[in-house]
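Participant: Listed below, chain by chain, are the residues.
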Amino acid sequence: MLNPQHPMQLALGLTVWSVWFVALYGGLLTLIGPLDQWAHTGTGPHMVQHMLLMGLIAPLWILLRPQAQLVRGSGALGQPLIGGLARLARHPLWMAYLHGGAIWLWHLPAVYDLALDHAGWHAAEHLSFLLTAVLFWWAVLSTSARRSPFALLALLLTLMHTGFLGAIMTFGREPFYADARDLQDQQLAGLIMWVLGGIPYLLAAGWVTRRWLLHLSRRMANA
Amino acid sequence: MTETTPVQPHEATEQTRSLHQTFSRVWANWPGLGSLAAVNHTTLGLRFMITGLIFFLIGGVLAMLARTQLALPEQNILTADVYNQVFTMHGTIMMFLFAIPVLEGLAIYLIPKMIGARDLVFPRITALGYYCYLFGGIIILSSLFLGVAPDSGWFMYTPLSSAEFSPGPGSDFWLLGITFVEISAMAAGIELTVSILRTRAPGMTLRRMPIFCWYILAMALMIVFGFPPLILASILLELERATGMPFFDPGGGGDPLLWQHLFWLFGHPEVYIIFLPAAGIVSTLIPVFSGRPLVGYRWVVLSIIVTGFISFGLWVHHMFTVGIPQLAQAFFSVASMLVAVPTAIQVFAWLATLWTGRVRFTLPMLWIFGFLVIFVCGGLTGVMLALVPFNWQVHDTHFVVAHMHYVLVGGMFFPLIAGLYYWLPHVTGRLPSERLGKWGFWLTFIGFNATFLLMHLTGLLGMPRRVYTYEAGLGWDWLNLLSSVGGFIMAAGVAMIVLDLLLHARLGRRAPANPWQADTLEWATATPPAPYNFASQPTVTSRHPLWDQSDVAQQMAAGEGHLGEVQQDQRDTLGTDAITARVAERCHLPGNTWLPMLSAAALAVVCIGLLIRIYPLALAGCLVAAVFLLRWSWLNGGHPLAAPLTDAELAGKDDDQSPPLESRTLDGPGRWGMIITLLANGTLYASLLFGWFYLWTASPQWSAPADSPLATLPLLATAILVTVLTLLYRDRVRHLQGGEDRHLAAALGSLTVLGAIATGAVLWVMVSAPLAATEQAHDAVLMVMLIYLFWHCGLATVLTGLQALRVRLGYVSAHLPYETRVLQPFWVYTCGVFWLSLAAFIGLPMAWGGG
Chain V
1 MLNPQHPMQL ALGLTVWSVW FVALYGGLLT LIGPLDQWAH TGTGPHMVQH MLLMGLIAPL
61 WILLRPQAQL VRGSGALGQP LIGGLARLAR HPLWMAYLHG GAIWLWHLPA VYDLALDHAG
121 WHAAEHLSFL LTAVLFWWAV LSTSARRSPF ALLALLLTLM HTGFLGAIMT FGREPFYADA
181 RDLQDQQLAG LIMWVLGGIP YLLAAGWVTR RWLLHLSRRM ANA
Chain F
1 MTETTPVQPH EATEQTRSLH QTFSRVWANW PGLGSLAAVN HTTLGLRFMI TGLIFFLIGG
61 VLAMLARTQL ALPEQNILTA DVYNQVFTMH GTIMMFLFAI PVLEGLAIYL IPKMIGARDL
121 VFPRITALGY YCYLFGGIII LSSLFLGVAP DSGWFMYTPL SSAEFSPGPG SDFWLLGITF
181 VEISAMAAGI ELTVSILRTR APGMTLRRMP IFCWYILAMA LMIVFGFPPL ILASILLELE
241 RATGMPFFDP GGGGDPLLWQ HLFWLFGHPE VYIIFLPAAG IVSTLIPVFS GRPLVGYRWV
301 VLSIIVTGFI SFGLWVHHMF TVGIPQLAQA FFSVASMLVA VPTAIQVFAW LATLWTGRVR
361 FTLPMLWIFG FLVIFVCGGL TGVMLALVPF NWQVHDTHFV VAHMHYVLVG GMFFPLIAGL
421 YYWLPHVTGR LPSERLGKWG FWLTFIGFNA TFLLMHLTGL LGMPRRVYTY EAGLGWDWLN
481 LLSSVGGFIM AAGVAMIVLD LLLHARLGRR APANPWQADT LEWATATPPA PYNFASQPTV
541 TSRHPLWDQS DVAQQMAAGE GHLGEVQQDQ RDTLGTDAIT ARVAERCHLP GNTWLPMLSA
601 AALAVVCIGL LIRIYPLALA GCLVAAVFLL RWSWLNGGHP LAAPLTDAEL AGKDDDQSPP
661 LESRTLDGPG RWGMIITLLA NGTLYASLLF GWFYLWTASP QWSAPADSPL ATLPLLATAI
721 LVTVLTLLYR DRVRHLQGGE DRHLAAALGS LTVLGAIATG AVLWVMVSAP LAATEQAHDA
781 VLMVMLIYLF WHCGLATVLT GLQALRVRLG YVSAHLPYET RVLQPFWVYT CGVFWLSLAA
841 FIGLPMAWGG G
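Here the protein sequences line up with chains V and F, keeping their order. Heads up, the first sequence is in UniProt numbering, so the first residue is 1 and it goes up one at a time. Heads up, the second sequence is in UniProt numbering, so the first residue is 1 and it goes up one at a time.
Keep in mind that the hints were calculated from the coordinates and are not lab data. This structure is a prediction, so every number in the text was calculated from the model and none was measured. No residue lacks a Cβ here, since even glycine has one placed at the ideal position from N, Cα and C. Treat each hint with caution, since some may be false.
Partial chain V-side listing against chain F, Cβ under 10 angstroms, derived [what the hints assert, rightly or not]:
id	residue
1	Leu85
2	Leu183
3	Ala205
Label pairs and their computed distance ranges (CB to CB) [stated by the list, open to error]:
id	chain 1	residue 1	chain 2	residue 2	range
4	F	Trp835	V	Leu64	56 to 62 angstroms
5	F	Trp848	V	Leu64	35 to 41 angstroms
6	V	Phe21	F	Ala706	38 to 44 angstroms
7	V	Leu29	F	Trp848	31 to 37 angstroms
8	F	Ile446	V	Leu203	21 to 27 angstroms
9	V	Phe21	F	Gln701	23 to 29 angstroms
Using the sequences provided together with the hints, build the complete structure.
Facilitator: Right, here's the structure in full:
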């Protein structure tokens, strides 16, 4: 499909490639690089790590449409699994509930501190964030024209509830978590979730709307 | 208004004349006092706008009183107390009784005509909304004449508005009255959403929808998501004032800042709820008067939706000075700049349309240019206010007052008047006076700028807002005097407009059909319009039907389109697919009825009962309202007074070619209405959850007992019971969809009994729990949560019981499965709320643990 001779196609190819590059290496950097060390120094940096996972890497990865390759490469065992996930990903609102459930659950102080103390739980935390985020973004970003309004609702819901959680962390009268250096650290974490974390959802809302309108006009042209 | 014979878009023949007479007989309002029972959108849209205009004039008089008082230093025309009431009522009336209702009225009047429909999809809801608005407005206004008007400012900050510092009934008038008026906003929001999505003329896909409809759709959805936080906050504050539940009182573990969060959670979207429809007017008028389509339709739609999203995240920038963390101020200062982006997209789209078109400089365009100038200035001062240091400097000064008036008058009033002049020929069939209109514009424009441009300076020189007088020699004297003079010039301009409105109905020239050569379908009606709008509905093939589809108006009026004849003496309009606009069903619309007015009157009794604290009266009002509302729900679907099964249908012979009635389908607009209502309801519940978490983590003296005071196991058992009920209900509905309706009445009857048991269980938990709701905010929130569960469980049960009865009477059956499908989402929602409540109010405190 891609024709490297054509300048537009080449530019598109380069864009896709660089997005892939950012997603992959950004992801590695977040999980194992210096950022992970930094994430142990306070709630704010830790939140940056989570936000990169959920708000940057997951959506970029989905935008690369890796599903086809995954199905190819995963063999007899993985294919039904990916097919099952694909069925789940047809329901943006349910995926938003699932993702929201994971976010709120891991932010309960007792659960959060558990993850801080045990590397295994920490891995589980990151895995559940990443997995539910991937499902959420998959459902939202590759939705059909008919389900686009639900994708927008799912985005609004997620924007609002992460905002509420961020607000609660911002206005809390004392630190909730064991890794907070001080109250300001937690406020920073809350604001990163509330304000910076909201940007991917806003951009996605614009993207979904644009895609939806394009779908509709294409259908109109065909009709 | 006048007995003008309507201008018809077609040559009347004998045949079309008799067609229109038949339609008129079915669709006309009752004569005389009977017109109070009208449900027609044209009638009610106009009533909304005229009522709003009257409230605007009253609000304007209050503004003139305030300006008179401030014209010279150290005056005593108004006492401090009266002045407080005056500015509070000015803001309240202009926001809640003028701006929002007038725009709703405009949308109610225009939307069905623009989308080629005959009426809104829930006509009785339109009427209920109007009466709630009228009665609520009168109740609020009466406080002014009783001398006990609210006086804590239009945003009613606690603790100033709490019982301790506002002991009189003023705050109660505001809280109860505004909540009552908000029923009309919610009604309009839900109804407009469903109407736009489900009753567009065949072929009008979303892409072919006039841009105005996108704006109104966004406004309607923002009402659905934006108003619930304020409704919840008002209920909580009124509960605090009436019973002492300390939601906002730090002494009892509450927090006054919670009010501000909930208020601005509504208040920021509300700015856009007001601005978007006005921008919709601009986006409609500019292309018409430029003689070309809007530049960047898709970009404008995109920016509308993004504006809606952004507006739900920025409420904190109204609270820079109340003592929130400095870090938060920095973040929101930057984030506030974001708002400018989607608005700028629209401004550039308008400029590009003007630039590339051939502009006709008409009276409406004059107001549009006024809008562009003033609104852009207001936007710029808004960016200034987003800078925290500057915000701190001018907080609570007249600079903020000036900014707000630039945004609201520039962003809403100017486009509104442009729209008024544009659509006036549609409403009355006559043209206004160009000369009076120009006087009106220039007086308003000059007067407005004289008042508010100078007021920026007054504010920068340090004059605080909401003070009833000031000392001479502070440098504010001449500014205030000029502002007052400007205010009176603006008032003269408004008087010109009103005079023009009154005179043109008698003296105006007859307007030809489609006088502005517009592109949208509302100009395909007769002018003034007939109550049924169109004798037949069109097939739309273009975004600009009147430009691109020649003769569409004539064909519609000649009855050559869809539903071109009256069937069974019923009012009807087509229901179409939300996206593709393919014909899905024929919606039977109810005719004139007193029920909406009676229901609203009963609710007004509730409101008054609560105000004067005679609770038996309020309870009686509730019961009467319930009777009227349930009777209303009874007259639907297969009821003999609605759309009963015909003999052919009973015999199973369905040879009718026309689309099925919505009560014979599974997914009509009613189900959409239910779901949109539940979205609003869910937002209310989410706001309650936010309040709970907020108080838990931020309230300075929050105290929670170690163990939940609620009986956990019984609540858990009830939640399981409700889940089982929901599943059983769903199962019955699925059978019904498959055409299986044996033992349906018995099954629904037993579900009702189970529902009653669940409702009783919640009541028992509520009564038996040792809750000190009037002493501890913790217990007060739990109490509200339990009342919420009780209400939902009880309502679901009652409605299921009514369904059982209707099955027995034959109004619901395999032929008529629709109503059970409408009720189903309510059970699912109730079930969801049960589990969420268990998790958040009982599970979470247990899991909070060591933190």
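Participant: The structure should be examined with respect to each hint, and the outcome stated for every one.
Facilitator: Each hint tested on the structure:
1. For the restraint placing Leu85/V at the interface with chain F, the shortest Cβ-Cβ distance is roughly 24 angstroms, beyond the 10 angstroms limit, so the hint is violated.
2. At about 8 angstroms, the closest approach between the beta carbon of Leu183/V and any beta carbon in chain F falls short of 10 angstroms, and the interface hint on this residue holds.
3. Nearest Cβ of chain F to the Cβ of Ala205/V: about 5 angstroms, under the 10 angstroms cut. The hint holds.
4. Range check, Trp835/F to Leu64/V: Cβ separation about 36 angstroms, and the 56 to 62 angstroms hint is violated.
5. The given range of 35 to 41 angstroms is respected by Trp848/F and Leu64/V, whose C-beta atoms sit roughly 39 angstroms from each other.
6. The supplied range of 38 to 44 angstroms is broken by Phe21/V and Ala706/F, whose beta-carbon atoms lie about 53 angstroms from each other.
7. With their beta carbons about 33 angstroms apart, Leu29/V and Trp848/F fall inside the hinted range of 31 to 37 angstroms.
8. Our hint of 21 to 27 angstroms for Ile446/F and Leu203/V is violated, since their Cβ atoms are close to 43 angstroms apart.
9. Between Phe21/V and Gln701/F, the C-beta spacing of about 52 angstroms breaks the proposed range 23 to 29 angstroms.
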